Amino acid sequence: MQNRIWVIVRFPNGSWSGGGRADDPDYANCEIFKVAAQSYEQALKKAQGQRRAQQRKLQQTAS
Numbered sequence: 424m425q426n427r428i429w430v431i432v433r434f435p436n437g438s439w440s441g442g443g444r445a446d447d448p449d450y451a452n453c454e455i456f457k458v459a460a461q462s463y464e465q466a467l468k469k470a471q472g473q474r475r476a477q478q479r480k481l482q483q484t485a486s
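Heads up: the sequence shown begins at 424 in the working numbering, then just goes up one per residue.
Among the clues, some could well be false.
Listed below are the simulated BS3-like cross-link pairs for lysine-lysine, each with C-alpha atoms no more than 25 Å apart in a straight line [said to hold, decoys possible]:
| id | residue 1 | residue 2 |
| --- | --- | --- |
| 1 | Lys-469 | Lys-480 |
| 2 | Lys-457 | Lys-468 |
| 3 | Lys-457 | Lys-469 |
| 4 | Lys-480 | Lys-457 |
| 5 | Lys-480 | Lys-468 |
Label pairs and their calculated CB-CB ranges [unchecked claim]:
| id | residue 1 | residue 2 | range |
| --- | --- | --- | --- |
| 6 | Met-424 | Gln-483 | 35 to 41 Å |
| 7 | Gln-483 | Tyr-463 | 26 to 32 Å |
| 8 | Asn-436 | Gln-483 | 24 to 30 Å |
| 9 | Asn-436 | Gln-477 | 15 to 21 Å |
| 10 | Arg-444 | Arg-475 | 40 to 46 Å |
| 11 | Asp-447 | Ser-486 | 17 to 23 Å |
| 12 | Ala-459 | Ser-438 | 18 to 24 Å |
| 13 | Thr-484 | Arg-427 | 18 to 24 Å |
| 14 | Arg-444 | Arg-479 | 15 to 21 Å |
Hints are computed from structural coordinates only; laboratory data are not their basis.
Keep in mind the model is a prediction, meaning the values are calculated, not measured.
Positions of the beta carbon are idealized from the N, C-alpha and C atoms, including for glycine.
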């Protein structure tokens, strides 16, 4: 199976979605992640991991 680039978004209410275009107007207030993965499920897990790492980094620099 080939990897493809998935667009995964996190909405302000905390829900996750994906598969659309990064410039979709519905995603205007969302956090957007572009992830290489074989499936949507793998892409979602990678995007959630990237966000978790970003949040940890922000917390470390704030303290």
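The hints, checked one at a time:
no.	hint	in the structure
1	Lys-469 <-> Lys-480	17 Å, holds
2	Lys-457 <-> Lys-468	12 Å, holds
3	Lys-457 <-> Lys-469	10 Å, holds
4	Lys-480 <-> Lys-457	19 Å, holds
5	Lys-480 <-> Lys-468	18 Å, holds
6	Met-424 <-> Gln-483: 35 to 41 Å	36 Å, holds
7	Gln-483 <-> Tyr-463: 26 to 32 Å	31 Å, holds
8	Asn-436 <-> Gln-483: 24 to 30 Å	26 Å, holds
9	Asn-436 <-> Gln-477: 15 to 21 Å	19 Å, holds
10	Arg-444 <-> Arg-475: 40 to 46 Å	25 Å, violated
11	Asp-447 <-> Ser-486: 17 to 23 Å	36 Å, violated
12	Ala-459 <-> Ser-438: 18 to 24 Å	23 Å, holds
13	Thr-484 <-> Arg-427: 18 to 24 Å	33 Å, violated
14	Arg-444 <-> Arg-479: 15 to 21 Å	29 Å, violated
Figure legend: structure checked against the earlier numbered hints; hints not met, in rising order: 10, 11, 13 and 14.
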